[in-house]
Amino acid sequence: MALSLSAEQKNLKNIFMNDNRYIVPSYQRPYSWTQEQCVQLYEDITKAFAENDSYFVGNIVLASKEDNEQQEIVDGQQRLITLWLFIKALSILLPVLSKITRMLWVESWEGGIENGCKFISKAIESNNQKDLNKILQYTEEDYCLESNELKKLREPRYKKEKGILATNAVVIYDMLKEYFSRIGDDEKRDFWEYFSTKVYLLPIVLSDMDINKARSKALTIFETINNRGMDLQDADIFKARLYEMSLRANEASSFIEKWQEITTDCNNLNISVDDLFRYYYQIIRGKERIVTAEKGLRDFFQNDKASPFLTGNYQNIMDSLCEILDILKHVLYLRNTNREIAKWLQVLYAYTNLYPQYAFIVYLFFNKNSNENEHIEFIKKVIRYCYGKGATTTVKFEIYSIMSKIAHRESVNDYYLPEFRFDMVNFPGRLTTGLSLLFNYLENSKDRVVSSFYVEKILKSIDQRDLSTWDKECFYSLANYIVLDRALKNTSLANRIKDYQNSPLPYVQELFQSGNYTLEDFNSREKKIQEVLTIFFKRNERN
Numbered sequence: 152m153a154l155s156l157s158a159e160q161k162n163l164k165n166i167f168m169n170d171n172r173y174i175v176p177s178y179q180r181p182y183s184w185t186q187e188q189c190v191q192l193y194e195d196i197t198k199a200f201a202e203n204d205s206y207f208v209g210n211i212v213l214a215s216k217e218d219n220e221q222q223e224i225v226d227g228q229q230r231l232i233t234l235w236l237f238i239k240a241l242s243i244l245l246p247v248l249s250k251i252t253r254m255l256w257v258e259s260w261e262g263g264i265e266n267g268c269k270f271i272s273k274a275i276e277s278n279n280q281k282d283l284n285k286i287l288q289y290t291e292e293d294y295c296l297e298s299n300e301l302k303k304l305r306e307p308r309y310k311k312e313k314g315i316l317a318t319n320a321v322v323i324y325d326m327l328k329e330y331f332s333r334i335g336d337d338e339k340r341d342f343w344e345y346f347s348t349k350v351y352l353l354p355i356v357l358s359d360m361d362i363n364k365a366r367s368k369a370l371t372i373f374e375t376i377n378n379r380g381m382d383l384q385d386a387d388i389f390k391a392r393l394y395e396m397s398l399r400a401n402e403a404s405s406f407i408e409k410w411q412e413i414t415t416d417c418n419n420l421n422i423s424v425d426d427l428f429r430y431y432y433q434i435i436r437g438k439e440r441i442v443t444a445e446k447g448l449r450d451f452f453q454n455d456k457a458s459p460f461l462t463g464n465y466q467n468i469m470d471s472l473c474e475i476l477d478i479l480k481h482v483l484y485l486r487n488t489n490r491e492i493a494k495w496l497q498v499l500y501a502y503t504n505l506y507p508q509y510a511f512i513v514y515l516f517f518n519k520n521s522n523e524n525e526h527i528e529f530i531k532k533v534i535r536y537c538y539g540k541g542a543t544t545t546v547k548f549e550i551y552s553i554m555s556k557i558a559h560r561e562s563v564n565d566y567y568l569p570e571f572r573f574d575m576v577n578f579p580g581r582l583t584t585g586l587s588l589l590f591n592y593l594e595n596s597k598d599r600v601v602s603s604f605y606v607e608k609i610l611k612s613i614d615q616r617d618l619s620t621w622d623k624e625c626f627y628s629l630a631n632y633i634v635l636d637r638a639l640k641n642t643s644l645a646n647r648i649k650d651y652q653n654s655p656l657p658y659v660q661e662l663f664q665s666g667n668y669t670l671e672d673f674n675s676r677e678k679k680i681q682e683v684l685t686i687f688f689k690r691n692e693r694n
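When you read off a place in the sequence shown, starting at 1, and then add 151, the result is the number in our numbering.
By construction, these hints were calculated from the structure, which means they are not laboratory data. There's no promise every hint is true.
Said to hold, decoys possible - The list that follows gives simulated cross-link-like pairs (lysine-lysine, BS3-like), each with its CA atoms no further than 27 Å apart:
(1) 285 <-> 310
(2) 678 <-> 649
(3) 368 <-> 303
(4) 438 <-> 556
(5) 250 <-> 164
(6) 303 <-> 313
(7) 364 <-> 216
(8) 285 <-> 311
(9) 281 <-> 303
(10) 532 <-> 689
(11) 310 <-> 161
(12) 328 <-> 311
(13) 161 <-> 456
(14) 649 <-> 679
(15) 438 <-> 409
(16) 532 <-> 547
(17) 608 <-> 540
(18) 198 <-> 281
(19) 679 <-> 611
(20) 198 <-> 368
(21) 313 <-> 328
(22) 456 <-> 540
(23) 608 <-> 640
Build out the structure end to end from the sequences listed, making use of the hints.
Printed below as a string of structure tokens:
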């Protein structure tokens, strides 16, 4: 039979009072609703009950194999599990209504009760299934004990020790218990009748004899819904697509393990999975010579003809993602060494947007056999272009061209300026940190890398009243900034001189060896900075 779609609004009794079992697939994120979201749902439902209005929770998207009572949750896991937590709490608070418990579990073919609940959670990197099974067994005494412990430990610590599912289960129970303490028995029954018959979801169910086809169509609908304003990370869509591709490649079991490794690596690198795909996007753009404005990340990977989801295969995509992660890990290692390249990477990463970083990662991806000196020369070109252009996002258009040239083994311009821009020294603005580092390493090339650096003003606002003869523009000049290995207190220059003289950095000691910092010293330093940066940025006989 062909693929079929059904979409019919159902109340909670119709959703849960059956033999359906809901599967949370491995590509889904673990349960993550916050306490605030649970409280909001509680308040919305009790308000609607008081006003005798029905309440619509939202959509859920399900995929199922025909003639199978297990349905895979493609979208709606969070709200569906949270509603189940409400039902569990109500089953304890209304013990006379024994039929409520039938909405919590499924009956086995042999007629007994399975110890599991309505959900089978395969979500990786979580204990969701274990927590759901435990909550299913909660008694009134268990809820009371857990409630007391939650009050004792406070929410953050309790959640850390017990998990978010257990936390929300107790929070929901406590809210409903307090609510029931204010209403009579008849109203309690009325509330249950309302909750089970007047609270609605819209299940969108895709069915097929081939579960993979049903899942694929469900994912498409899921993406359409979420492209229209719902909060979803692009990585969730990509993960679902890759999972689908892994099934076709008979790699589903290894995909779960590889995806865990990818997310762990991203966390260790302090980037998101979305960030990883942004690097991948730039690599593809370079390879395809795309130099026009960027599309949204999801739009590109889902719809563009250059998307590897449409043109590539599962293994190639996974290999590329892992290779990018290896490059990012190597760059992080280089940034934390005392090698020459670490200095240049500091300057590159100090720029006001990520495009110089994208260019370097793309360079490393397509130049696997290049050496460190070649890396430095490339970084210098990118620094010269971006800093010479100023603090602006328009650098991205030339970066697109650079990445295209890299991908096709074409030479990249040196980007020397025809004339040095003196405003880079007089009013460096948002480029202050990067230009301070650049001058420092050009002038003191033999000094070690300042791994934990702080770029601070020499003359601060507190000094202005004592330096009334100085031009106010001096305070904005690059000559008024210095690279230190630690932050100093916000005190006057006179009180900081000794700290400067005792600095482990030779150039700092030298600058303040006289025990003072005069206008003559400032002018001399500003002139020196202009000379050093002019040599770097402007073509001359030295280059």
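For each hint, the structure was consulted:
Distance check on the hinted pair: residue 285 and residue 310 sit about 15 Å apart at the alpha-carbon level, within 27 Å; holds. Restraint check for residue 678 and residue 649: satisfied, since their Cα atoms lie roughly 25 Å apart, inside the 27 Å limit. Distance restraint check for residue 368 and residue 303: the Cα-Cα separation of roughly 47 Å exceeds the 27 Å cut-off, and the hinted pair is therefore not satisfied. Our distance criterion of 27 Å between C-alpha atoms is met by residue 438 and residue 556, whose separation comes to about 9 Å.
Between the alpha carbons of residue 250 and residue 164 the distance comes to roughly 11 Å, so the proposed pair stays at or under 27 Å and holds. At roughly 13 Å between alpha-carbon atoms, residue 303 and residue 313 fall within 27 Å of each other, so this suggested pair holds. Our distance criterion of 27 Å between C-alpha atoms is met by residue 364 and residue 216, whose separation comes to about 9 Å. Restraint check: the Cα-Cα separation between residue 285 and residue 311 comes to about 17 Å, which is no more than 27 Å; the hinted pair holds.
Proximity of residue 281 to residue 303 is assessed by CA-CA distance (about 24 Å); at most 27 Å being required, the pair is judged to hold. Between the alpha carbons of residue 532 and residue 689 the distance comes to roughly 12 Å, so the proposed pair stays at or under 27 Å and holds. Among the hinted pairs, residue 310 with residue 161 is inconsistent with the structure: their alpha-carbon atoms are about 32 Å apart, more than 27 Å. Straight-line distance between C-alpha atoms of residue 328 and residue 311 comes to about 24 Å, which keeps the hinted pair within the 27 Å bound.
Taking the CA atoms of residue 161 and residue 456, the gap is about 39 Å. The hint is violated against a cut of 27 Å. Using a Cα cut-off of 27 Å, the hinted pair residue 649 and residue 679 holds, with the two alpha carbons roughly 24 Å apart. A hinted pair counts as satisfied when its Cα atoms are at most 27 Å apart, and residue 438 with residue 409 qualifies at roughly 25 Å. The straight-line distance between the Cα atoms of residue 532 and residue 547 is roughly 14 Å, inside the 27 Å bound, and the hint therefore holds.
Proximity of residue 608 to residue 540 is assessed by CA-CA distance (about 24 Å); at most 27 Å being required, the pair is judged to hold. Taking the CA atoms of residue 198 and residue 281, the gap is about 33 Å. The hint is violated against a cut of 27 Å. Distance hint between residue 679 and residue 611 is fulfilled; the C-alpha atoms sit about 21 Å from each other, no more than 27 Å. A distance of roughly 36 Å separates the Cα atoms of residue 198 and residue 368; the hinted pair therefore is violated under the 27 Å criterion.
In summary, the hint linking residue 313 to residue 328 is supported, as the alpha carbons are separated by about 21 Å, within the 27 Å threshold. Between the alpha carbons of residue 456 and residue 540 the distance comes to roughly 33 Å, so the proposed pair goes past 27 Å and is violated. Taken as a hint, the residue 608 and residue 640 pair is honoured in the structure, with Cα atoms around 11 Å apart against an allowance of 27 Å.
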